[in-house]
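Undergrad: Single-letter residue listing:
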Amino acid sequence: MIVALLLLIPFITALALMFLRPTQQAKNVALISTLASLGVVLFAWSAYTGGTVIHYNMDWVPAWGLRFVMGYDGVGLLMLILTAVVFPFIIAAGYGEKLQHPSLVNALLLFTQTFLFGVFLAQNTLLFYIFYELSLIPVFFFLLYWGGEHRRAITVKFFIYTLLGGLSLLFGIIYCLGQGAGFNGDFATIGALNFPLSTQIWLFWVLFLAFAIKLPIFPFHSWQPDTYAMAPLQGTMVLGAVMLKMGLYGIIKIVLPIVPQGVIHWQETVIVLALIGAIYGGIIAFRQSDLKRLIAFSSLSHVGLLCAGLFAWNSYGVSGSLYQAFAHALLVVCMLYISGAMKERVGSSEMGAMGGLKLRTPRLAALFLLVLVNAVALPLTQSFVGEWLMFAGLWQVNGWLAFAAVSTIVLGAIYMLFAYQRVMLGPDKWALEMTDATTRDHLVLVPLIAVTLFLGVYPGPILDLVDVPVQQLLSSLSLN
Amino acid sequence: MEQGIITAIRVVPLEHYLVLSFLLFSIGVAGVVFRRNTIIILMCLELMFNSVNLLLTAFSAYHSDPRAQVFVFFIMLVAAAEVTVGLAILVMMKRNVDSVDVNQLNRLKG
Amino acid sequence: MSALVLISVLGVVLLYLGLFGNRGLLAPVGIVGLLAAFVFFAADWQLENALFAGLVQFDTYARSFSMVLIVVTVLLFLFGIDYYAKVRENVAEQYALMLFSLIGGLLITSFSNLIVLFLGIEILSIPLYILAGGKRDSFRSGEAAFKYFVQGSFASGFLLLGLALLYGSTASFDLPAIEAHAASIGTGTDMLFLLGLFFTIAGVAFKVAAVPFHFWSPDVYEGAPTLVTAFMSTVVKTAAFAAFYRFIGHMQLPEAVHTMLILMTVCTLFLGNIVALRQTQFKRLMAYSSIAHTGFLLLAFLGFDARTPDVLFYYLGTYALATVGLFIVLTLAKRAAKGDEHIHIFRGLFRSNPWLAIVTMLLLLSLAGIPLTAGFVAKYRVFVLSLANGYLLTTAFAVVMALVGIYYYVIVIREAFTPGERGLQLVVAPLNWLVISLCGIAVVALGVMPGLLRM
Amino acid sequence: MRTDLLAILVPVLPLVGAIILASLRRKLSANVAGGLATALIASSFVASVVLFMGFDASTGGRTVHMLDWINVGGMNIPLALRIDALSLTMMLIVTGIGSLIHLYSIGYMHEDERAPTFFAQLNLFSFAMLMLVMGSNFLITFIGWEGVGLCSYLLIGFWYKTPEYNYAARKAFVMNRIGDVGMVLGMVLLFQRFGTLEYVSIMDMATGGMNDPLMIAATLFLFIGATGKSAQLPLFTWLPDAMAGPTPVSALIHAATMVTAGIFLIVRSSVLFELAPFTKDIILWVGTATALIAASVGLFQNDIKKVLAYSTVSQLGYMFVALGMGAYSAAMFHVTTHAFFKALLFLGAGSVIHALGGEQDIRKMGGLKGRVSLTLTPPSIRMDGPVKITYITFFIGTIAISGLPLMSSFFSKDLIMAYGFQHSPVLFGLLLFGALLTTFYMFRLLFLVFYGTYRGKAHPHESPLTMTIPLMVLAVLSVVGGLLNLPHLFGGHEPMKHFLETAADAIRYEHLGLSATTEWILMGITTVLVFATIAMAYGRFAKRATLEGAEADMPFFKRLIAQRWRLDEFYAALFERPYGWISTHLFTTVERHVMVPVMNGVGAAALAMGGVVRKLQTGNTSFHLLAMLCGMIVFLLITLMSN
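Chains as they are written, first to last, in the working numbering: chain A, 2 to 481; chain B, -6 to 103; chain C, 1091 to 1545; chain D, -10 to 632.
Just chain A, same shape as in the assembly (with noise of 0.2 Å):
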């Protein structure tokens, strides 16, 4: 009921939005139905109590391989509360884009939702490739018709970018699929396979290649930056703040029980390439003179933390790094929707035009300071949390990566404050007539940090949800 719930809820307001094309209404309706499939998510929450609950067992077209099964465990449960808070907002960031056609901005929009849930809900390795490539077209015709300059050119190179991932992961799981031993596809009996080490070895990169780029670590990143600065305020909220997770749940749902091994053998390898990529963006944002960009390349520095954490493998590390992925998610958020709500007071995101608006809009600077605080990851917001469970496993791996991964704090403080100092602070160079944060503003913004702050507090909530599983996880592999 719940799956069926949150597949339909925003798939036929989609499409009712697609042929009715209400535009004055597009975005209230878009509006409802993401809250409605909060709701839905809240629910199934408290529902929750532990363990990996089906709703749909059914076989698809059995004689080739093509099962239906549907439903959610504690991670996929975070993932889906995820994505379910974080819609209303993005869908609400929509008001202050003066896009075209916004029936079928919000129609779009709600599609992805709908794929996203069907990822995190999906129980069967072909399903979740199915609905991960899905969910790539609807945002890939929402950048080319509503991105910035040179769209065309780079949406496509995100496609296919993000493409070949997605085929040799669908390689991958066929592959998988091939060798029988018991292993019908569905996560539940992905435990049967069990290669040789020789296998794992190889087949680790054709599965994690995928995660790699979708999320992305270092080498595989430089479709990010260009695609982030590109893309309509919408867009790249989805892509920074959800589409990315898909990554991180695929790595812990696929290429971490399919090739346990693999893991273990490239561990190192891919924690480090991570990590390099957490201090190269930390680094190169520090200069960026283009606000979005900036929380680009930002968002590179935290997303390689969350790989590194997530490769740690031990309970700290891997709880962490759900944990950062949900705060990520909201940090990203707000710090778009901020950069969106300067655009439309300055005119554009360079923050060579801003400067000194701390005197014209003092209550945006505020909320402003409260995002940043949560970006720098001081204690008592929800980013700490996840950093320093982060930190704590990766020590445990290995004291040099720690300090590496330790060291990005010191980054992020650097280019976070610059870039509060050019937006905000300073003298009023430009004095631009300009609104302070609307209702509207804070609509979005208190919540969201307000939500932040709280789980800085009491992470509990979110925590216990992902701690057994994470558990179980880790003890089922190291058994292997």
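Since the hints were derived computationally from the structure, they do not count as laboratory data.
Accuracy of the hints is not assured; some may be wrong.
[Said to hold, decoys possible] Once the Cα atoms are required to be at most 25 Å apart in a straight line, the calculated DSS-like pairs of lysine-lysine come out as:
#1 D:K532 <-> D:K446
#2 D:K604 <-> C:K1373
#3 B:K102 <-> C:K1424
#4 C:K1373 <-> B:K102
#5 B:K87 <-> C:K1424
#6 B:K102 <-> C:K1428
#7 C:K1176 <-> C:K1424
#8 D:K150 <-> A:K430
#9 A:K344 <-> D:K150
#10 B:K102 <-> C:K1225
#11 A:K28 <-> A:K99
The hints should help you fit chains B, C and D onto chain A, whose structure is shown.
TA: Relative to chain A, chains B, C and D alone:
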């Protein structure tokens, strides 16, 4: 099929038929590939077909099995049909480029 | 039997209709006749009836492919009504020739004797030579016809040689006998047989436009009238593949031939996709993409096992559907663009005809093999097959090529959805709408419920 | 439990204040806001006092558990407070001096339109600082640790229109962050080692091997954190710049409380440091170096607040020296007295600046004390200076810091120096030298500001009561502060030491083994030299009407010192500029010319390949036939070969 002919055919060892028809076939192929005059190309195609006919006949004689010869007739039929079509196309080509050079027609490429 | 006769007669009838100049009836009659034939096939579904003293064997395999061929032809006829609306003369002949060619197709999907294979291929081809030259006043059309003819007969020459050699080594034209012989050889070598096999395969490979026998297809596709191109890339391709598999499917091939097939697959995949990257003429693009798809189908050949025919059937069926739809869209766009075939003619389609653009997108995505379209399932099944039979690297290569393929389809989609620009206003006749939307819906439906299309 | 509730109230009250003020910052007037803020912090002072009264040292302390914070996969870190001698001491200092400074700020900030924001941040700071000192485990301390860092950032950059101030603020935060890396790693390491971060449990578990490398590493990491927060070498350059903030901020954050967090942290985990003598030595010498370098710089500063800033750094150096010698109580003692007199001095300076309408350059001051005449009948001191109270209190502060006999610093600093002598006479010498430098520049400051003739333009006026009352209170404290830990020599029995023992075991083992005579002698030497120094300073500066010229015509070494040993330039050249350069070029070069091109290159290569291969399709029939034939032959050969 009359025994006499078969024996007559079988006087020559099969290999010879093979070689001969291969030669004929190769000549046909060479003609098709290297000549530029369409009419000659048509003739060379015929040559290819007929070399195969020869081969088939020989085989049928050695297998003492008439089906191959039936097939030969079919092939002749088909060849005839092809040539008709071919000539028609040739006429059209002549009309279009006023030449029977194969390589006159090369607007479609890449 | 009845179906074959019916269709042949139908052809003649159409010719007479053309003679007495009531062109309005042509397509309807043809469609009715074909549907009747379809019913005949559907009627005696299960039973295995051998025709012409066992030269032709209408088993499930043959019958399912035949039905697909007929359905696709019906779709093309439906499209033809609008397509030939302007044309004054020789319309009846065009329809009739398509029917005759179809018969050839039916024969080679069902042959169990190599003579029939040869005849079928010729019956399939000769009308096509004429059809390709259908536009008498068009230079390109003529060139296409010519090239197709020359290269086609050249290839059938080799086909014949192959058949002859096979006969020489097995003393029979009957498929079972030949398969038996192949089995009897086992690991040993029989030069004649090997050569025969090789040349026969070469001859058939020409029909499916596998590298290096592909040279005709881009030129012919581009030159021939669009409807004929559509016919070639759907009916002919399907029939040829059906024949191809029928020929080698149950034969225990010598290793050498296997190696050759792998080589052929790789080359086809590579050339088709790579060159398609650089195509700007839509029809030519489709030609190369069809070569690329040939590659994927050959990949399915490599792993012979029980699933292969079904996979081929699904792949070809869905491919045909998507292609027909796209060629119709192309025709409309081309008309609006005064005969231009450059992919720019799709620019801004979304602004001018949103729904058409969306269907086009679906069809292209299906060809590209994006999930929830039939194309994805088709590719997926091919990969499953080849991986299950252990062609790891070949499949990996194919996957990379699939990515390349996605690129050039996406480029077309990008044209259609390029923002800001209002494209040409396409006028879509109701019948065309019917066909296009049928294709679109089918492609998605078969992607969501792949079980629907199986033999 | 009442005490628990009280304990929780102590930090929560200022937090509430911060939230209220922040949200109503546009509604409230400066005075209301100030009043509210002061009331709240004062009430948590009262609460602390109550707790202190009700505290039974013999129990060693109690832990107040608020809620589970991070609890996952075997890691359980609660939000809990620790009430024991150490935290109580710090709480009293923080809330006590905090209240005074809040009160002072009412007067100091009453003209600033963003006063409510100021008080909100000041309250927030108090909350963070209290969390820091009250935390029951490292991570809670770290909450406060980062919190104070944030507030310090906000308050330094309070007047955000001036780019330099923002730069100073950022500098402070980033340098603290660099320290925090050490802090975090230290915590992670300790967690690895002990599986918990609770101070109590760790201190119990931490036993056994001296100089266990892991322990050395952990302590070093913590010390790095401390150097950041407490402005020690090499991370102290942010503190002088931090004077950009409003003076009360400098007094509270950058003199009395925040900068002592490092010392607090080390005393907190003193047991660990006892196990790592290696680290202690490092601390000792870093402290000494800092003390001397900072003091030397202080000699040539012309900004009244900068002088005080450097003196703060140098005093902190003394505290670290004490820590390095394991004289934890001495360190805490000096922390306390330093809090008194340094706050006093800063507030005094603030009052002066206020009096002169924002003038901070001592070259533009002088003669502020006016004429002082002494009458015997009736015995009284008559002064006609504009800023009497300020003068007197500042004077007291100066002699207090210089350690004139019976002043607070006389006890605290001499204690440290005594330990120093016990450690090695050389160290004593260095410390003594530092002390004399302190005396010299402090009196230089005093004389230049209040003596001689007035060199400025503005019309001085005494500050309002809200500002002067704190001055007087602090003045008293600075005088009597020594009593808190009166040594046996003077008939005391070091109450503070014995009180702190209950919280930090390590203190039990510290012992000053000098004979009474030695101590007397040391004191004697010190006192004599101090007076000599004062005389010297008097001779040089008291009568001055003008000052020595610019740095330019100084001898090299002198100039080097005057230019703060050129440390800022050094760091700028070594870190800041390269970092910017790297940041730019990573983007323009690596990202733009390697990463992206490589990605695009693959696609381009494919396209190029297509361009080549398509050449095969010449459209020339003969060629096609030939190609077909050749292809076929190739295939045939391959087939035959593989057969």
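Undergrad: List, from low to high, the hint numbers that the structure doesn't satisfy.
TA: 5
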